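Sequence order for the protein chains is U and G. Every number in my numbering is 70 more than the matching position in the first sequence, counting from 1. Every number in my numbering is 70 more than the matching position in the second sequence, counting from 1.
By construction, these hints were calculated from the structure, which means they are not laboratory data. Given the structure is predicted, the values throughout are model-derived calculations rather than measurements. Hints may contain errors.
Identical chains blur together in the list; that is why a pair holds if it fits in one copy or across any two.
The calculated BS3-like cross-link candidates involving lysine-lysine, where the alpha carbons are at most 27 Å apart (straight line), are [said to hold, decoys possible]:
id : residue 1 : residue 2
1  : Lys100    : Lys221
2  : Lys157    : Lys100
3  : Lys100    : Lys235
4  : Lys157    : Lys179
5  : Lys235    : Lys151
6  : Lys100    : Lys151
There are 2 protein chains.
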Amino acid sequence: MAKVLLSVLLVLVAVSSSLAKPEKVTKKEKRIPQTLSRGWGDQLIWAQTYEEALFWARSRNKPLMVIFHLEDCPHSQALKKVFAENKEIQKIADDDYILLNLVYETTDKHLSPDGQYVPRIVFVDPSMTVRADITGRYANRMYAYEPSDIKLLLENMQKAKKFLKTEL
Amino acid sequence: MAKVLLSVLLVLVAVSSSLAKPEKVTKKEKRIPQTLSRGWGDQLIWAQTYEEALFWARSRNKPLMVIFHLEDCPHSQALKKVFAENKEIQKIADDDYILLNLVYETTDKHLSPDGQYVPRIVFVDPSMTVRADITGRYANRMYAYEPSDIKLLLENMQKAKKFLKTEL
């Protein structure tokens with residue numbers, strides 16, 4: 071896929087550079103439309119904002135999964151790759167979760183129980199309670215996951231499905 | 071376009087129903103990835119959240135344009151079409167604006183000076199001041215625009231480029 075993209079890109083560059091010659095100003099490169107998924111699962115339904123995600127979590131009675139990441143962070147990229155390619159994760163995400171990925175922090179301090187860093191995955195109960203008890207394996211960055219932690223992340227997703235307040 | 075979509079849909083339904091027969095469970099239809107532009111200009115750079123947009127407006131010293139709309143609102147759809155197809159609008163948006171489109175209201179009351187409705191376009195100065203003075207032509211919904219108001223919208227975009235506080 072990367073190779074295909076690269077060759078398409080090379081063709082585009084070649085075409086645009088040859089087309090651009092008669093013009094005074096070189097045309098801007100055609101941009102690939104930004105997706106709400108940002109590569110974490112194009113087939114999943116993503117909320118755009120935290121407020122929207124909370125509303126959905128509450129009204130659909132589903133837990134919310136908030137993924138903080140950055141496009142230029144190699145750790146985020148590596149986790150994203152295994153997340154997007156893992157069929158079990160994609161299925162449980164699609165079936166049971168309200169999903170939000172953010173490249174910019176919110177004003178809600180509860181979403182950064184031990185600081186702001188990426189990648190960081192925080193679960194929120196439909197009762198609006200941040201599940202600070204659902205953590206990864208690193209004591210200094212409790213909500214961080216490495217690609218090798220993908221099985222733990224899946225287990226955590228299964229765990230967070232069991233709501234904190236089951237009476238909801 | 072609507073007709074084309076409809077026939078594509080009919081073909082898809084026909085194909086999927088014929089393909090689905092040998093299987094026990096019908097496969098889900100492949101979804102089109104959601105874009106951040108939501109059709110308001112795939113070639114433009116869109117902020118995801120209001121906080122992110124404000125940060126960009128401030129740090130890049132550009133005004134922010136917030137478009138409130140809904141996917142299932144025909145007025146929003148009609149305005150989106152002329153917005154996305156208008157080259158002057160797309161150019162000024164790309165060159166001079168921080169852009170945000172939202173299908174969910176924010177908690178900031180300043181973004182709804184005369185109520186929450188769609189479509190609604192509100193300009194925010196890089197100094198973080200909502201430009202309540204930049205309005206459309208309807209007294210009861212001052213920040214609404216019809217497709218026929220596209221020239222006024224362009225003029226308003228040119229007006230909002232002149233910052234409220236020029237010393238910034």
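Hint check results:
no.: 1; hint: Lys100 <-> Lys221; verdict: between (38 Å within a copy, 26 Å between copies)
no.: 2; hint: Lys157 <-> Lys100; verdict: between (32 Å within a copy, 15 Å between copies)
no.: 3; hint: Lys100 <-> Lys235; verdict: neither (49 Å within a copy, 34 Å between copies)
no.: 4; hint: Lys157 <-> Lys179; verdict: neither (32 Å within a copy, 41 Å between copies)
no.: 5; hint: Lys235 <-> Lys151; verdict: neither (33 Å within a copy, 45 Å between copies)
no.: 6; hint: Lys100 <-> Lys151; verdict: both (25 Å within a copy, 20 Å between copies)
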